[in-house]
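Chemist: Build out the structure end to end from the sequences listed, making use of the hints.
Chains as they are written, first to last, in numbering that gives the first Met the number 0: chain B, 0 to 338; chain G, 0 to 627.
Bear in mind the hints are in silico, worked out from the structure with no lab data behind them.
Please note that the accuracy of each hint is not assured.
Claimed, not checked - Facing chain B, according to a computed beta carbon distance under 8 Å, are these residues of chain G, among others: (1) 259; (2) 295; (3) 312; (4) 466; (5) 476; (6) 486; (7) 487.
Backbone N, C-alpha and C fix where the C-beta goes; we use that ideal spot for every residue, glycine too.
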Amino acid sequence: MSVELPQLTAKDFASDQEIRWCPRCGDYSILAQMKKVLPTLGIPKEKFVFVSGIGCSSRFPYYMDTYGVHGIHGRAPAIATGVKLAKPDMQVWVITGDGDALSIGGNHFLHCIRRNLDVKVILFNNQIYGLTKGQYSPTSPVGARTKSTPYGSVDRPINPLCVAIGAEATFAARAVDVDIKHLTMVLERAAHHKGTAFVEVYQDCNVFNSGAFNYASKKEEKDDNVVYLEHGKPLIFGKNRNRGIRINEMSRPEIVELGGDIREDDLLFHDEKAPEPSLAFLLARMRYPEFPEPLGVFRDVQRPTYDEGVMSQLEAAVAKQGSGNLDELYNDGDTWIVQ
Amino acid sequence: MATTETAAPESLNGKRTEQLETVVVRFCGDSGDGMQLAGTQFTNASAVFGNDVSTLPDFPAEIRAPAGSLAGVSGFQLCFSAHDIYTPGDTVDTLVAMNPAALKTNLSDLKRGGTLILNEDAFDRSNLSKAGYATNPLEDNSSLAGYRVHKVPMTRLTRDAVEGLGLSQREADRCRNFFALGLVYWLYERDSKPTLQWVKDKFGKNPAVAEANVRALNGGYNYGFSTESFTVHYQVPPAKLAPGKYRKITGNEALAYGLATVAKLSGTRVIYSGYPITPASDILHELSKLKHFGVVTFQAEDEIAAMSATVGAAFGGNLAVTASSGPGICLKGEAMGLGMITELPMIIVDVQRGGPSTGLPTKTEQSDLLLAMFGRNGESPLPILAAATPSDCFDLIQEAMRIAVDFMCPVIFLSDGYIANGAEPWQIPKVSDLKPVVVKHPSERNSAEHFLPYKRDERYVRPWALIGTKGLEHRVGGLEKADVTGNVEYSPTNHQHMTDIRFLKIAGIADYIPEQTVEGPESGELLVVSWGGTYGSVRTAVRQVQSEGKSVAHCHLRYMNPFPRNLGEILKNYEKVLVPELNRGQLRFLLRNDFLIDAKGLNKIQGKPFLVSEVAEAIRTFLENGSI
Numbered sequence: 000m001s002v003e004l005p006q007l008t009a010k011d012f013a014s015d016q017e018i019r020w021c022p023r024c025g026d027y028s029i030l031a032q033m034k035k036v037l038p039t040l041g042i043p044k045e046k047f048v049f050v051s052g053i054g055c056s057s058r059f060p061y062y063m064d065t066y067g068v069h070g071i072h073g074r075a076p077a078i079a080t081g082v083k084l085a086k087p088d089m090q091v092w093v094i095t096g097d098g099d100a101l102s103i104g105g106n107h108f109l110h111c112i113r114r115n116l117d118v119k120v121i122l123f124n125n126q127i128y129g130l131t132k133g134q135y136s137p138t139s140p141v142g143a144r145t146k147s148t149p150y151g152s153v154d155r156p157i158n159p160l161c162v163a164i165g166a167e168a169t170f171a172a173r174a175v176d177v178d179i180k181h182l183t184m185v186l187e188r189a190a191h192h193k194g195t196a197f198v199e200v201y202q203d204c205n206v207f208n209s210g211a212f213n214y215a216s217k218k219e220e221k222d223d224n225v226v227y228l229e230h231g232k233p234l235i236f237g238k239n240r241n242r243g244i245r246i247n248e249m250s251r252p253e254i255v256e257l258g259g260d261i262r263e264d265d266l267l268f269h270d271e272k273a274p275e276p277s278l279a280f281l282l283a284r285m286r287y288p289e290f291p292e293p294l295g296v297f298r299d300v301q302r303p304t305y306d307e308g309v310m311s312q313l314e315a316a317v318a319k320q321g322s323g324n325l326d327e328l329y330n331d332g333d334t335w336i337v338q
Numbered sequence: 000m001a002t003t004e005t006a007a008p009e010s011l012n013g014k015r016t017e018q019l020e021t022v023v024v025r026f027c028g029d030s031g032d033g034m035q036l037a038g039t040q041f042t043n044a045s046a047v048f049g050n051d052v053s054t055l056p057d058f059p060a061e062i063r064a065p066a067g068s069l070a071g072v073s074g075f076q077l078c079f080s081a082h083d084i085y086t087p088g089d090t091v092d093t094l095v096a097m098n099p100a101a102l103k104t105n106l107s108d109l110k111r112g113g114t115l116i117l118n119e120d121a122f123d124r125s126n127l128s129k130a131g132y133a134t135n136p137l138e139d140n141s142s143l144a145g146y147r148v149h150k151v152p153m154t155r156l157t158r159d160a161v162e163g164l165g166l167s168q169r170e171a172d173r174c175r176n177f178f179a180l181g182l183v184y185w186l187y188e189r190d191s192k193p194t195l196q197w198v199k200d201k202f203g204k205n206p207a208v209a210e211a212n213v214r215a216l217n218g219g220y221n222y223g224f225s226t227e228s229f230t231v232h233y234q235v236p237p238a239k240l241a242p243g244k245y246r247k248i249t250g251n252e253a254l255a256y257g258l259a260t261v262a263k264l265s266g267t268r269v270i271y272s273g274y275p276i277t278p279a280s281d282i283l284h285e286l287s288k289l290k291h292f293g294v295v296t297f298q299a300e301d302e303i304a305a306m307s308a309t310v311g312a313a314f315g316g317n318l319a320v321t322a323s324s325g326p327g328i329c330l331k332g333e334a335m336g337l338g339m340i341t342e343l344p345m346i347i348v349d350v351q352r353g354g355p356s357t358g359l360p361t362k363t364e365q366s367d368l369l370l371a372m373f374g375r376n377g378e379s380p381l382p383i384l385a386a387a388t389p390s391d392c393f394d395l396i397q398e399a400m401r402i403a404v405d406f407m408c409p410v411i412f413l414s415d416g417y418i419a420n421g422a423e424p425w426q427i428p429k430v431s432d433l434k435p436v437v438v439k440h441p442s443e444r445n446s447a448e449h450f451l452p453y454k455r456d457e458r459y460v461r462p463w464a465l466i467g468t469k470g471l472e473h474r475v476g477g478l479e480k481a482d483v484t485g486n487v488e489y490s491p492t493n494h495q496h497m498t499d500i501r502f503l504k505i506a507g508i509a510d511y512i513p514e515q516t517v518e519g520p521e522s523g524e525l526l527v528v529s530w531g532g533t534y535g536s537v538r539t540a541v542r543q544v545q546s547e548g549k550s551v552a553h554c555h556l557r558y559m560n561p562f563p564r565n566l567g568e569i570l571k572n573y574e575k576v577l578v579p580e581l582n583r584g585q586l587r588f589l590l591r592n593d594f595l596i597d598a599k600g601l602n603k604i605q606g607k608p609f610l611v612s613e614v615a616e617a618i619r620t621f622l623e624n625g626s627i
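Modeler: In structure tokens form, the structure reads like this:
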């Protein structure tokens, strides 16, 4: 007899808590798309857990009527590791930000990915510290004038996708907060991935860093500034879809105009299943304004997950040695009797 | 140690046998000389024979400091006895020194008239100079006067013993520790069987090495038997311990076994998250072998991750544990606070070592008590337990988990380097006598509309809802929360209320733990209050002074926060209170604060445990002069 799961809706995932993000914050859109995606997965509501760190984005779990942990700064991937190892049947989502994941929590971010723990990591990148009111973040561009860098930042920014792919993320993607359809697709893909699914979302902090991603989100600009990745398809972009990315003789990407000598077949074809991460890394290195920035799934490959490995060792130990016997354990080795 | 000579029957080869009550042996040499192994094997042999044993491994923080240097000396001391003992001994009866550096750094602990066994071959010019000897102490008449000195050419004899096995000289020399061990086995009539079995198990795949170690061991034994250098050997009869079956156990082993017991008997998985750190790493090593008991081990990327994963695993419904030493506990502080405010059950083990900072990684100290009490931001009280002996770790870690689960809170468990690495006989318990930790999760909502994660019982304990349970979806986090609902709440009165409740919950544990007991008179002139790993030395010292007819009692604490509910009453029954600690007076600070008593301290911060004589002398002086 099969039990029909009740069809859940976005509303079922809304908690009763008042949302305290600033009006028009990009976080609202990500929350809305998440609530749309979860009911489509065929997973009961009680099997989701959201884990976050500290920052504006990290308030996310309070607004989802699922299990949730609002953790401490930077540690969400580590908390999530504990959750997943304790309860591997839960679908675990990590919600983090650029400061949370890449500055204070860089180490956990890296190790979660290289272990391929089966969690989804959604990084809200707004290139600023919002909750602490406007200091530059590890993704802020050189020269960024913020509260803590009145003369402009001299730090070179870190590229979140390069870090994730460098740690050999089995799933790496990028989306933009207001590009609703695309964001939904990317979140869905992440939800279905087994292993660490890393998604960078360009998120507008309209209070402290307004318009940082206009080039990738504004209707009139974005067609020339982004290129949508599709597996097996050539990289074509532009309002008239007449420009493309080609790999030149120096093995570097270059922008070319289609027509004339250059045909679609000459372009770089996306392969998200490539076993080597080099292509994904090359794509992640393409930054505006030199290049259109790729959006979509950079990499989607399968590798054993950490939690599976841990659990199968447990099972193997029981299969080999039997369920632990305390008497045997205590009496192992040299013993003696006092009469 | 008190030793008594009894009748000396003629034994084989015309050598005398003397009976002794208690003997302290120390093996010392280069950190590559295998002294820890020799000591461990001697401990095993003595324990299996039925002596009471207590050990003190003492090794440098460097794995291999320059060969022959003073910094590279590694030692292993053990005391074995025909009666029950509580310490590895103050002074050494037999010192085995494998090189000049070992002699130089250890000779002062050898009692006058004690036996000194030296590897003569190692006393060459180079080693002598590295040890800072201008002349060879083996050749002058004064340096070693007053000791029974046995100069044994161990390197040469070991090489001879293993000749023909095709070993390199380096491999042959690595068997020297077994030669020395064999010689001391002869000296104290130890049975080689457990060691021979160990060699077989360890080197089974390498028969030449196994044979070499056997030959070296036998070579040492026969050297003692045959040569005229040794005219007497000793017997230490088995101890009259409580009847039962025993094994040897270290504190870290006992702790790991306790956790495996928790997992097995509760039917709930234990998840241990840790990051390698001396002297806690052995807990991770032990537990990683015990997966079939339902123990998951997670070697995290850092201490913070280990603690954070512990909080996550507790939210995930597992019995979560992390362990570290002082530097790691400092890093864990913020996540411990998260465990505290989310009110989830977990254990944080601190195997204390010499601090501050990196301090003395391989040496013992008791200087993290106040860190455990106060080392988090905000008002963040946590229960603290402290093990008294290696085997006590087995019982107390189970008690720690029981408190964590029953009261929904992180519990700090204090061990120390001395307990963690030290070994003693452990009376093997009957599994049926052990009390399981009982894990309960609600299956239904505790209110009509929502699950209320912070709705408490009469002891202020909140429910532990297992994630994945339908209808109990809820959020926890580090922000202050409203009582009952757990929703984020910043109001002033709520914060006061929640802070008070969190405090009262922990304070209420005093009603649950056993009352404090005292050894000695119920009232009198002096109460000696100790805690943690100093138990053995302080107990032995107090007994000595008691036997001199003095009015002194001993109170040893294992529950450090909250204190046992009758502790205040006990303290009032004595005119004076002395608190010996391996720190600057951390328990004393707490006692003075909580009970307004003028407690005095005996404080040693040398990376070493108390000698019995130090404590006994301090008690006598304090009784006489009112100060120490």
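Chemist: Restraint: residue 487 (chain G) near chain B, CB-CB cut 8 Å. Satisfied or not?
Modeler: Holds - the Cβ of residue 487 (chain G) comes within 8 Å of chain B, reaching about 7 Å at its closest.
Chemist: Hint residue 486 (chain G) vs chain B: min CB-CB distance below 8 Å?
Modeler: holds, 6 Å
Chemist: Residue 259 (chain G) was flagged as interface toward chain B. Is the shortest Cβ-Cβ separation under 8 Å?
Modeler: Hint holds; residue 259 (chain G) Cβ to chain B Cβ min 6 Å, cut 8 Å.
Chemist: Under 8 Å is the threshold here; is the Cβ of residue 476 (chain G) close enough to any Cβ of chain B for the hint to stand?
Modeler: Hint holds; residue 476 (chain G) Cβ to chain B Cβ min 3 Å, cut 8 Å.
Chemist: So, residue 466 (chain G) near chain B? Judge it on the closest CB pair being under 8 Å.
Modeler: holds, 4 Å
Chemist: Double-check residue 295 (chain G) for me: the hint is only fine if its C-beta lies closer than 8 Å to a C-beta in chain B.
Modeler: holds, 6 Å
Chemist: With a cut-off of 8 Å, does the beta carbon of residue 312 (chain G) approach a beta carbon of chain B closely enough for the hint to hold?
Modeler: Residue 312 (chain G) check passes; min Cβ-Cβ to chain B is 4 Å, inside 8 Å.
Of the numbered hints stated above, none is contradicted by the structure.
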